[in-house]
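S.K.: Model the full structure from these sequences, guided by the hints.
For the sequence shown, our numbering assigns the number 38 to the initial residue and increments by one for each residue that follows.
Calculated from the structure, these hints are not laboratory results.
In this text, all values refer to a predicted model and were calculated from it rather than measured experimentally.
Heads up, some of the hints might be wrong.
Taking lysine-lysine and the DSS-like style, the derived pairs with C-alpha atoms no more than 27 angstroms apart in a straight line are [as the list claims (entries may be wrong)]:
# : residue 1 : residue 2
1 : Lys-125   : Lys-146
2 : Lys-248   : Lys-146
3 : Lys-65    : Lys-137
4 : Lys-92    : Lys-146
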Amino acid sequence: FLTVKDGGPLASRLFERRMTDMQTGVMKACVCMKDHSAAEVVPPPLISDLLQGDKDFIVRVYVLSGRNLLAADRNHKSDPYLRISFDKHRAGDRNKAKFKTLNPDFRQKFEFTMSLPCVSDLCIQVMDSDPLYLDEEIGRTYVDLEERVLSNVWQQLGKDSNSEQERKPVERRTLRHPRSEKCCGQLLLWIDIVPSSQVSLYPPWSVELPKPS
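M.R.: As structure tokens, then:
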């Protein structure tokens with residue numbers, strides 16, 4: 038089956054015909070309607086822009102905080118820290134864990150490069166730091182970065198801001214554990230995807246809390 042998304046590509050999950058509960062892959066496509074009487078076939082603007090424009094991007098992920106995280110410790114709290122993965126990029130520092138809280142203020146920025154086409158799923162995990170045993174995963178969320186680059190709806194977000202530097206709106210992302218569909222909390226974050234050729238025009242934002250005087 039296919040699901041059409043306004044102003045962007047199709048991202049359809051593929052299922053084996055006789056076992057509808059088994060996902061076998063993901064297909065991406067664009068659907069374009071054209072006038073058969075037209076002498077020249079005009080490609081969809083999104084695809085033509087991608088082929089003729091930037092293919093290399095800087096991705097900046099700003100994670101502000103976690104909310105209502107699942108308790109992983111016996112004291113009904115967690116010691117959460119962030120871990121992200123995208124293609125071959127890995128980042129995360131357990132030394133930045135926030136102790137004994139279910140509503141941590143992370144205030145962290147992650148930055149990496151992306152070249153299209155690519156494996157486009159960004160994975161953001163919240164881990165529980167454990168000094169004695171292996172760290173446990175609290176939950177994760179996935180973001181399809183390629184889909185956002187190709188979506189003119191997402192590209193327009195932040196255009197109405199009063200700042201010279203456009204910023205995407207803060208998202209509230211639901212966390213889920215790979216072995217459960219249960220909500221494990223939420224992350225408040227936003228993502229900027231900047232063409233490499235324009236990165237000097239858009240310096241990164243600072244999300245760190247001011248140091249106490």
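S.K.: So, for every hint listed, does it hold in this structure?
M.R.: Quick rundown of the hints versus the structure:
no. : hint                : in the structure
1   : Lys-125 <-> Lys-146 : holds, 18 angstroms
2   : Lys-248 <-> Lys-146 : holds, 17 angstroms
3   : Lys-65 <-> Lys-137  : violated, 42 angstroms
4   : Lys-92 <-> Lys-146  : holds, 23 angstroms
Checked against the numbered hints given earlier, this structure breaks only hint 3.
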